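J.: The hints should help you fit chain B onto chain A, whose structure is shown.
Protein sequences appear in the order of chains A and B.
So for the first sequence, numbering that gives the first Met the number 0 puts the first residue at 0; every next one is plus one.
So for the second sequence, numbering that gives the first Met the number 0 puts the first residue at 0; every next one is plus one.
What the hints contain is simulated information worked out from the structure, not anything from laboratory work.
For clarity, every value in this text was computed on a predicted model and none was experimentally measured.
A portion of the hints provided could be inaccurate.
[Unchecked claim] Quick list of in silico lysine to aspartate or glutamate cross-link-like pairs, EDC-like style, CA-CA up to 16 Å:
(1) LYS265/B x ASP178/A
(2) LYS83/B x GLU58/B
(3) LYS122/A x GLU238/A
(4) LYS19/B x GLU30/B
(5) LYS315/B x ASP169/A
(6) LYS175/B x GLU270/A
(7) LYS315/A x ASP169/B
(8) LYS83/A x GLU53/A
(9) LYS175/A x GLU270/B
(10) LYS634/A x ASP571/A
There are 2 protein chains.
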Amino acid sequence: MDMGMHTVLFLPHNRKIQVKDGGSLLRAAMEAGVHVNASCGGEGVCGKCRVIIESGVVEGGITEKLTAKDVSDGYRQACLSMVKSDLTVRIPVESVIDASILNMQSTPRCTARIQQMNLEELKEAGLFVPPVEKKYLELPVPTQQDNLPDVSRLVGFLKLEHGEHRLVMDFPVIQKISDILRRSDFKITATLVRPVHPGRKTHIVNVQPGDTTSRNYAIAVDIGTTTIYGQLIDLVSGEVLAQFGDFNAQISYGEDVISRIMYAEKPGGLEKLHEVVIGVVNKLIEKMIIKSGVDIEDISTITMAGNTTMTQLLLKVNPRSIRRAPYVPTSSLYPPLQAVTLGIALKEHVTALVYPQVSSYVGGDIVAGVMGSGLYRTEELTLFMDIGTNAEIVIGNKDWMACAACSAGPAFEGGGITFGMRATKGAIEDFSMDPFTFEPMNITIGNVRPKGICGSGLIIMVATMFELGVIDNRGKFNRNLKTPRIRETGGIWEYVLVWANETQIDRDVVLTEPDIDNLIRAKGAIYSGCMTLLEEVGLGVQNLERIILAGGFGSYVDLEKAMTIGLLPEMDTSRVTFIGNGSLLGARMSSLTNRIRQDVVDVVKKITNFELSETHSYMDNYVAALFLPHTDMNKFPRIKARLDARRQSHPPENVTVV
Amino acid sequence: MDMGMHTVLFLPHNRKIQVKDGGSLLRAAMEAGVHVNASCGGEGVCGKCRVIIESGVVEGGITEKLTAKDVSDGYRQACLSMVKSDLTVRIPVESVIDASILNMQSTPRCTARIQQMNLEELKEAGLFVPPVEKKYLELPVPTQQDNLPDVSRLVGFLKLEHGEHRLVMDFPVIQKISDILRRSDFKITATLVRPVHPGRKTHIVNVQPGDTTSRNYAIAVDIGTTTIYGQLIDLVSGEVLAQFGDFNAQISYGEDVISRIMYAEKPGGLEKLHEVVIGVVNKLIEKMIIKSGVDIEDISTITMAGNTTMTQLLLKVNPRSIRRAPYVPTSSLYPPLQAVTLGIALKEHVTALVYPQVSSYVGGDIVAGVMGSGLYRTEELTLFMDIGTNAEIVIGNKDWMACAACSAGPAFEGGGITFGMRATKGAIEDFSMDPFTFEPMNITIGNVRPKGICGSGLIIMVATMFELGVIDNRGKFNRNLKTPRIRETGGIWEYVLVWANETQIDRDVVLTEPDIDNLIRAKGAIYSGCMTLLEEVGLGVQNLERIILAGGFGSYVDLEKAMTIGLLPEMDTSRVTFIGNGSLLGARMSSLTNRIRQDVVDVVKKITNFELSETHSYMDNYVAALFLPHTDMNKFPRIKARLDARRQSHPPENVTVV
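Isolated chain A (complex conformation) (with noise of 0.2 Å):
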């Protein structure tokens, strides 16, 4: 057993649940599923998450809402306890309305297992193939009766010694070739990068002198609308040298891609957006190289993956039509380019490479995805997404594949959301709520007292509360409940997760009933458009057999929840991974293995865009997606039965607060 890890044992409800030594008992109940009354977020302020600690050593937790007597007879405030050994917990009686509540906890939180690019299966997979390979090579000094061109010696030695074939020096390296010889001795490395199409041309795009072999790099970029992230990647181990992030410093211009290309319609603004862009790409490069200690001169390419209208303004390519119906991009494949026509801080030899677009909105972020991710590769039908505030998705397998964006809005942003906030300090990220007396166990990031919601906390309040019956299936408040946290005021109906006293902002922390239906709009423009690719294919969603989230939004999302509200189709939690980043993670892939570069092309013609604004059945599916899970619930068995089971045993309207 991991020596860092201890087991809690929490009682009455006899679950059991691994803990990292030092954890939070208050989340370590919620992992189980177990709910304990914690309002304020986990600073103590509420008094109310008091457990017994009947066994075993916690370090915290005591605070002057206990007193002595409490704190003999083992009571610990559980959000500021942090498990220290094997525990045995009891959640005491006052927060339990009876022992039913024992098959009624939350479902245990679930998150994507993490798929993760696995170096030693692609080398054994032959796969391992980087586009840039160093050789070393020992030339045949000239003589006046061998006094070939200095080129055609170089290009003659790698075909009959190396077996390389149609081979085509670079300009620049022509220009240095035959200084680099005479001062090396002709002994000397050649950089070779591999034709993106088999068959075409491999390119010499440097010479240096002596053996520089063990020296090969490449970067790798994700050009986010928020965010750009960089690697640096040692092409002859694999691994990732160094890794750094930075805001893209182009949201001064505008929040998001539309006001991006408004900006860019003006005059010289494309040139600042580009020049804005390109400031920050070469800030990380100067950071990876610092860290990694590499010399500039052995970095042999870059790959960037971005949206259609990130990649536009990276290279200079005025969007303005993207923003525009019909909404057409200028070109889906770029050329390999000199990385310093585009500005970028590499040396002349670099080859930039620029991941295709798939369309105006479906764009290289996207298609590295489907790339790093292996979807294009997989017999499984599968679901890929990334959501933000515009969610893609993509379904298919090796044969086919069709994906649409769908405007979703930016409510799993907190957008939108009247106390909706952006995944930072204080926002509500886990949720739990008694079933009886509707008090909630809220979990905060940082654990210091609630300011506001975050997306994947959202998705947990609304899934609880629909499955307690707290909301109905339209996410109207059941104006029945006796508790004081749900109230009417000015004519909108909430629910009141945090009191004034117990948050940062001396406000009541709320949720209301134009915010869950916000949260069922987003969702419901994502199932709809899901179907809607399935049925244009002639498929629908019970032939999914696996899901691929990619973003930061995947990796916190509680996926047992996101079904319940209907946000992803229901399926095995099992068969849904997270791959995080997928554009740096495909940007990263092309670095490492030139197959993915080769076969992307094929691939991004294989994608079938829809504009789902234009495929007449999505109306109809966005309209019977605006439930919770769905208006047809034969589509989420597993929900219905548990919805089900708990009508039958503890209808809602019936039980009484204490």
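T.: Same frame as chain A, now just chain B:
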């Protein structure tokens, strides 16, 4: 009959010749092979060229050296007489020893037939396929149902409607296409550049609003060591719209390639020479654009050819190893380049092609000549020569080619010759000698008093003196001849071409034995190079079927005389053609027919370069060629026959001066 031409009959020779209206009577005599004593070069100073106009009209020719009676008797000075009608002209008896001269006149002047590019022939043969083509396209306007990326729309349309395949759009076009399409209502002209290798990609290098298909231009440039010539070519008609030449401004940094290379090795030298040559190219381009009135936007391509050193300097590729054994150039082929990256003042979309090199001393100018002259397509065994300071020779036909550079030395350009000079005003360019008196007939460029001898004059002098037995086959003067013009000065034997008082320089203009020796060495180097190449492939000079001369020198040289001294192998002179500036011709041909661009890659691989200094037989061949015309007279049967006939009738040593 041409109205501007007159027939002149010379008596007693009974020789007729056609002369342009206003042409010099002295030159007419020379061309007819009729000797008239005339040492002053044609300014009327020596007064020796008296002739009698028996019928017809001349203008001028009356000087103070003629009495009134002379004039009324029909006497004129030939050098100042201009032909204005058909004439009968008698050469007075005092200028001829006896009638045997009638059988002994010099061979008529015979320069090479000019072989020009025949545009109509190209068109008929289907070879008029410029590598750059414009297509006017009316693209379907995007709709919600058809919102392909702009690039895909254009490429797809070209595929579907024009049968174009393997298309790739250059990045600068991608950057501007969206704007141009929308500005022009999707009616545009695309500029396509065909691949050099069939099967490779066709590049879309430009898009322009509206229909510009009638405006498509190319530029061809010859980068010579001394001069640079440019042509602006209409790719629709094939015509040359403008042509300019200028000195290569690199001359300020060294007269010949070796001194240029030395300058390029100094710090900043390479950059300076590059900048200076590009400056001249840009000046020529500007002049041609102004002259032709074309829009610079409609110039699609530039093709350049030069010797190996000029090419490397043009491309900023250090030529240092060209001048050092084992004489290694940097590259044979150079990839197509964006012209602006070289600093060429054309638009961003213009591709620059540079003719490939065979070796350090057989460069792109020669390859261009091989392509432009059609040598690479002929069945006939052909000798191609470009004679300047360095003479380059190529021997072969469509199946094989061998080449070499001969260090001929500067004799053909007047270098190393006591009174040698370039072919400018005052240079003796034509010469004849009275076979009995050994009096000269000098004709100068510009018909002014002589100041020196140019290359073509030198060849004629030596050939004439050799045929008349004035010099022997080793180039030594016959010490027995009784003429004051042959004399020994300071131990050196010489022939006085012009007495000091008849010159511009107040010194006797002479031809010395060392001068003749220099010429013999120069022609020996070339001839033996030719023999060596033939021997290497198991052939001999008798197998040659055709000679092609390129370069300025080739246009003036008297073919019969060049064969007499053994510079050219003996051959029917009708089988010798002159192509002028072969480098410019090849560059122009490449602009008009893409086949040339494709074929040149194979051709340059097909040409075997021989380093003569490394070829065992070369020195033997060289020594054998240090005679007039050669040790082996069987290689020159026509000359042998002429000499034999002359010796039998008039052994020169028996002649007494009148």
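J.: Run through the hints listed earlier and report the numbers of any the structure violates, in increasing order.
T.: No hint contradicted; all consistent.
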